[in-house]
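Engineer: Each chain, written out:
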Amino acid sequence: MNSYPDSRGKFGIYGGKFVPETLMAALSELEENYYKIKNDPSFQEEFNKLLREYVGRPTPLQYAEGFSKYLGNGIKVYLKREDLNHTGAHKINNALGQALLAKRMGKKRIIAETGAGQHGVATATACAFLGLECVVYMGEEDVRRQALNVFRMELLGAKVEVVKSGSRTLKDAVNEATRDWVTNVRTTHYIIGSAVGPHPYPEMVRDFQSVIGRETKEQILKSENRLPDTIVACVGGGSNAIGIFYPFIEDKDVRLVGVEAGGYGLDTDKHAATLCKGTVGILHGAKSYLLQTEDGQITPTHSVSAGLDYPGVGPEHSLLKDINRAEYYAVTDDEALEAFQILSRTEGIIPALESSHAIAWVIKNKDKLEGQIVVVNLSGRGDKDVNQVREILEERRDLRLW
Amino acid sequence: MERIKNCFEKLEAKGEKPLIVYATACDPNCSKSLEIFRLILKYADMVEIGMPFSDPLADGPTIQKAHERALAAGTNTQKVLELVKKIRDFESEKPLILMGYYNPIFVYGEEKFIRDAFQAGVDGFIVPDLPPEEGEDFARKVKSMKLSPIFLAAPTSTDDRIKRIGEVTGEFIYYVSVTGITGEREELAYREIERDIERVKRITGKKTVVGFGISRGKHIKEMYNSPDGFVVGSAVVKRIEQEDYKNLESLLEELKAATKLS
Chain U
1 MNSYPDSRGK FGIYGGKFVP ETLMAALSEL EENYYKIKND PSFQEEFNKL
51 LREYVGRPTP LQYAEGFSKY LGNGIKVYLK REDLNHTGAH KINNALGQAL
101 LAKRMGKKRI IAETGAGQHG VATATACAFL GLECVVYMGE EDVRRQALNV
151 FRMELLGAKV EVVKSGSRTL KDAVNEATRD WVTNVRTTHY IIGSAVGPHP
201 YPEMVRDFQS VIGRETKEQI LKSENRLPDT IVACVGGGSN AIGIFYPFIE
251 DKDVRLVGVE AGGYGLDTDK HAATLCKGTV GILHGAKSYL LQTEDGQITP
301 THSVSAGLDY PGVGPEHSLL KDINRAEYYA VTDDEALEAF QILSRTEGII
351 PALESSHAIA WVIKNKDKLE GQIVVVNLSG RGDKDVNQVR EILEERRDLR
401 LW
Chain Y
1 MERIKNCFEK LEAKGEKPLI VYATACDPNC SKSLEIFRLI LKYADMVEIG
51 MPFSDPLADG PTIQKAHERA LAAGTNTQKV LELVKKIRDF ESEKPLILMG
101 YYNPIFVYGE EKFIRDAFQA GVDGFIVPDL PPEEGEDFAR KVKSMKLSPI
151 FLAAPTSTDD RIKRIGEVTG EFIYYVSVTG ITGEREELAY REIERDIERV
201 KRITGKKTVV GFGISRGKHI KEMYNSPDGF VVGSAVVKRI EQEDYKNLES
251 LLEELKAATK LS
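Chains as they are written, first to last, in our numbering: chain U, 1 to 402; chain Y, 1 to 262.
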């Protein structure tokens, strides 16, 4: 397993480099430079120092006593507190790693796409810190849903480009960022925010995020003296999930569960459950599962959580699904909104709507998790979502826990 | 393959170069599109028929909107192939090239797609998100049907890459004139483009046409000597969007006249 991707950037049949010729040289350059720094102690040292001093790593692996008690059944839940990272989510691990790499490559201009705004904020932050120019593409619909994050990016000196094409969400922001990259490829590095895109992105993002899993392993062994039974993470593109899964892939007794956005339900067409309901295709430079029509047109997705609202998924997850090493399920918007409130009340932690999907799966499956040690990757904090959830709960009083 | 070869040879004998015109299939709908291609083929020597896709990431706003219009009209791969067949019914000689992103082709099934396209009268394929690394299989299958896979070369392509592109491509190479997406441009870097096209032709020995940004006769005249043909897309699609067919015809006239320079 650890040998993926192969030399052509493939995870089994998935992955690859399906991009216009103009970008091929840039991908080769990136690949070459990435493999150089991957094994370069001076880079790793610098990166780890920043993770420690600037990001605040290692993040705690917290035994969630109140939430465990709420679940009952002798379940012990540990939360990997990625929400405590600087900027409030796991996204900074990758943004900082790639920005550092870009700087070494002599690229002075950074572009990024963002859905919920977390990756955009993380990238804007890394760029401000390292003195790089930053442009973030964000769908018009997401700009509306996450207005505060737009302002945060602007405060950090980034330029936010509002994307008005297609469905005006994350997918279209990726398209527009790619178009920018094709145009400015000689001076610009594109920091993709998830474990998606052409090779070497899925590998590189996984590597930068796998610090989550490495820390988790060390921490759980320290507190429990054994590995967890189950690890749960939400999956949009899948970067926080692959980050925590990857160091456990060879530990076959550890069950890996990815939770997708079920939106209004998997029996409707309003969801973003790519691995649960998708078929194989090619989008944004890689072969992977996709939500598409039978003619191969990408279908619009829906999720209450902007960060999961994406019709594709990282190629390594597609492989993990096919070889049954990880399992993928979905929870609905309503279930996620309930989990959002439950964790707030039982732990005093307001989780991101994305991470609430992972919490919701645990709640939903508590009867099957009896006596288990369960680690949930709490990938981000929910401050950014409070306003949106307030609006929803004002309209949907039936979902309120009070 | 024969049609493409004959096209280059015949024009060369007359001292002309092919004008290659792109339009999106079934924009704004399939029956109107047939009429548009009929008009285009009065002037163009070869056409590129665009297969609409929801996420055309090598294209600028003009062609993006054309894809959206075609999809809104219910276009799918089968309807594109039906349109091609209708074009082939009145145009027996000029090459018809399908240009489309890879996902709809992959989902349709590569082999079935190539076979059905062949039967519809297609001569070649351009798949902008399928570089040689991913497209070798596809290229082999296309060639086995005596059709032409057309690969792109770009200003950022290294000599090694160009060599590889030359090995997998069919009758010609499509040189992308700019680092960027499709769309009209006021001016182009003519000398650089000529130099690069000479480089591509020297390394590969293949005919090399130029596209991206070419929208006026003037652009063709400014760099007439090096390229073996000229592709015009967005300028044509813009006039289709405006439903200004008179203006479209005068543009085509201007462009074709420019390819007869020598």
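It is worth saying that the hints were derived from the structure and are not from the lab.
A portion of the hints provided could be inaccurate.
As the list claims (entries may be wrong) - Distance condition first, Cα-Cα at most 27 Å in a straight line; then the derived DSSO-like pairs of lysine-lysine:
hint: 1; chain 1: U; residue 1: Lys10; chain 2: Y; residue 2: Lys65
hint: 2; chain 1: Y; residue 1: Lys65; chain 2: U; residue 2: Lys270
hint: 3; chain 1: U; residue 1: Lys164; chain 2: Y; residue 2: Lys65
hint: 4; chain 1: Y; residue 1: Lys141; chain 2: U; residue 2: Lys10
hint: 5; chain 1: U; residue 1: Lys36; chain 2: U; residue 2: Lys49
Engineer: So, for every hint listed, does it hold in this structure?
Structural biologist: Against the structure, the hints:
For the hint pairing U/Lys10 with Y/Lys65, the CA-to-CA distance comes to about 33 Å; that exceeds 27 Å, so the pair is violated. Taking the CA atoms of Y/Lys65 and U/Lys270, the gap is near 24 Å; set against the 27 Å cutoff, the hint holds. Proximity of U/Lys164 to Y/Lys65 is assessed by CA-CA distance (about 12 Å); at most 27 Å being required, the pair is judged to hold. Between the alpha carbons of Y/Lys141 and U/Lys10 the distance comes to roughly 22 Å, so the proposed pair stays at or under 27 Å and holds.
Between U/Lys36 and U/Lys49, the direct Cα distance comes to roughly 19 Å. Compliance with the 27 Å bound is thereby established for this hinted pair.
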